[in-house]
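Engineer: Taken in order, these protein sequences are the chains called A and B. Just so we're aligned, residue 1 is where the first sequence starts under the working numbering, counting upward by one. Just so we're aligned, residue 428 is where the second sequence starts under the working numbering, counting upward by one.
Please keep in mind that the hints were generated in silico from the structure rather than gathered at the bench.
Simulated restraints on C-beta separations:
hint	chain 1	residue 1	chain 2	residue 2	range
1	B	430	A	237	35 to 43 Å
2	B	688	A	148	23 to 31 Å
3	B	599	A	410	34 to 42 Å
As the structure is a prediction and not an experimental result, all values here were calculated from the model. Glycine is no exception: its CB is placed at the ideal position from the N, C-alpha and C atoms.
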Amino acid sequence: MGDSLGFHLIFIIFGVALPLLISGLELYGIVTHRPRARALARTWSKALVILFIVGAVSGTIISMQFNLFWPRFMEFVTKPVGIAFALEGTMFMIEAVFLSVYMLSWDRFKPIYHWLCSIPIWVGSIGSAIFITSVNTFMNQPQGFTIGADGQPTNINVWKALINPATATQLSHSIMAYICACALVFMAVYAWLYMKKQHVQDRSWMGNVIVGLAIVGLLSGIAVAGLGDRSGKYLATHEPYKLAAAEGLMETQKNAPLVVGGIVQGDQIKYGIKIPSLLSFLAANDFGAEVKGLNEYPKYTRPSLVVHYFFDGMVAAGMLIVGFPLIFLGLYFWRKKWAFSKPMLYALVACGLLGVLATEFGWLLTELGRQPYVVYGYLTTAEALTNNDAVIRYGFIFPLMYLALITLGVAILRRTMNHNGVTNASH
Amino acid sequence: MPVINIALFLVMLLFGCYASLSAFELSIALLKLLPGNAKLADKNKQYFTPIWEITNVFLVFGFTSFVVFFNRAVVPISELVLTVLGVGLTALLIRAAVVLYGYYYKNSQGITTANILFVLSSITVPLSFTAAGITLLTGKQFYCNNMGWSLILTSVAGLLTLATSFALYIHRKDQHIFLYQICMFVALMYSILAAVTIQISTHSVDDRLISWPFLFWSGLVILSFITIALTVLYKKLQMLWMYFALLTLVTPVLLAFSNVPYLAFPNLQIQPSYGAEAYGAAAIIGLAAIFPIIALGFFLFTRLYFISAKGKR
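Please construct the entire structure, taking both the sequences and the accompanying hints into account.
Structural biologist: Spelled out as structure tokens, the structure:
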């Protein structure tokens with residue numbers, strides 16, 4: 001199941017953020033009377049279709065896997081938050097229908113009417129992300145029900161279940177991260193194309209595209225960092241076991257240190273650099289604040305300290321994806337030639353990968369940090385799994401299929417961006 | 428009409444929508460097998476639009492609605508149907524890979540490995556769901572009883588009839604004689620196999636099979652003979668595909684209602700399986716409220732799809 005989620009997440013990043021970027025770019029082209037911006041939006045929309053097709057299939061597979069592989073999980077969550085699954089599907093349908101309308105009407109509607117068709121696409125994509133992430137927030141902070149005699153949720157309050165303490169933090173952090181990662185991936189693509197293209201005219205407009213995307217990536221990256229800080233405080237209050245596991249904090253303590261790097265060995269993180277009191281500050285804006293350790297929880301309910309790697313990976317990648325565009329933009333306004341030097345462009349290409357990796361690490365931290373529970377405090381992952389042994393077979397088949405899909409997807413995207421990315425928008 | 432019946436009707440209608448749409452997709456896959464030129468390839472390519480991803484939405488909707496409404500039956504049913512639906516999921520992934528491959532090699536017409544895989548995967552996905560439905564209807568996997576075999580073969584013939592007749596309709600100017608003969612053959616096979624299915628069911632002592640939904644379905648199957656005859660007589664292909672689209676749409680609904688009081692024969696009854704008291708009615712009304720937006724999108728799409736690009740700005 002992890003392979004499906006990890007694979008699908010790549011397409012969620014683009015599925016959620018790209019419609020918004022395309023819509024913004026098209027509006028910018030209309031308002032400022034720049035046909036080149038509209039042409040670029042059109043090229044990106046072609047890439048969106050390819051990403052959408054693969055993402056829709058992997059999304060369908062995940063939906064079915066939830067039902068088939070994790071029946072007890074679905075049995076448990078469908079009562080309190082099942083409506084979110086239905087609404088997510090509806091939002092996806094709105095997105096799919098209007099994406100078709102949008103693609104077919106490029107030369108047929110007036111620009112402003114065509115742009116209006118882009119609104120339901122990003123409303124649908126962000127709406128579906130909101131509803132499905134709400135289910136995940138429920139898994140982290142289950143509420144809005146009582147447990148009946150049969151062990152199933154009863155006395156259900158759907159709103160309370162969906163709008164729980166995790167909802168605002170997790171939704172804002174994840175959706176902003178998708179926008180940041182998407183902008184960075186496209187910036188990386190254009191940085192790569194910039195290095196490959198020798199034509200001065202191509203390079204000139206590509207440089208502008210890179211600058212625009214770097215600004216979007218930087219601003220959204222700063223927003224993600226701010227929201228990440230809020231997430232840290234949320235974790236310290238509502239999911240302290242996750243924060244403690246991410247930092248290998250075994251004992252509750254004041255002036256808790258932040259561990260950077262290191263190797264996880266059993267119940268401890270060795271060889272890490274400890275920065276005194278920083279974890280307390282991150283948790284409560286107070287260097288002397290008390291942070292809960294894993295000793296507060298029974299041993300069998302503690303998550304693995306392996307999440308420390310994901311937390312560190314996410315933060316490190318986050319710092320680089322803010323840092324590189326910042327340096328690039330600084331150089332662009334100070335020494336333009338240096339901004340487009342090969343080392344800087346390679347750094348921008350790396351930003352694309354780092355953006356996706358940071359998002360993947362974030363979700364790995366969220367999911368593995370909740371283990372051994374799938375619905376915290378109520379249902380363990382082992383209990384949720386089906387008893388049918390056939391599930392093991394698909395553990396081998398699906399990763400191979402995903403590999404084939406991603407290879408083909410990248411090949412087609414490469415051709416689309418290489419061809420249309422230059423010809424449509426530059427001439 | 429109790430909410431529980433509305434829930435069953437909605438779920439099965441969604442599966443019916445999926446089955447019909449997947450047959451249309453199959454028609455595109457079949458057309459790719461034809462030895463063709465760039466014009467044919469271009470025409471086929473225009474059918475690859477994101478709108479087809481809505482087919483998958485119906486699948487997800489159907490399955491999710493089933494799980495939400497009948498969540499007390501999720502555990503036993505998922506274990507019953509996991510194997511057959513697992514095959515369907517694998518086919519879905521293969522199909523997606525082949526679609527992407529088709530994007531990459533734009534003029535790939537003819538009998539190639541990729542196109543054959545495209546056809547096989549396109550038919551395997553709906554068939555895996557049919558097989559799951561048969562398990563719920565008969566209490567056994569489809570390959571373990573005569574009724575299962577006859578139903579799955581009927582489904583194959585039905586899907587192929589709808590797919591070939593639709594393919595012929597959208598390429599009606601090209602006069603594909605061989606495809607026409609295949610279409611008529613599978614249409615007749617459908618009627619014969621469906622008649623065999625009804626015959627097998629009448630030998631059963633089970634009361635479910637003499638319920639009105641089953642009788643109604645039997646009537647529709649008999650009507651398919653007349654539709655085929657009229658199609659041949661008047662050469663109106665749209666009559667055939669429209670009738671089979673309707674038949675494919677209503678078959679899951681009618682067979683599921685003929686299975687009542689069971690959700691999964693013989694151990695799971697529908698009443699105790701229903702677990703959506705919390706918001707069953709609210710979910711139905713809420714979903715219905717969003718349909719106007721989707722309808723607007725469909726309206727715009729169909730308008731755009733059929734108008735010429737020139738002079739419409």
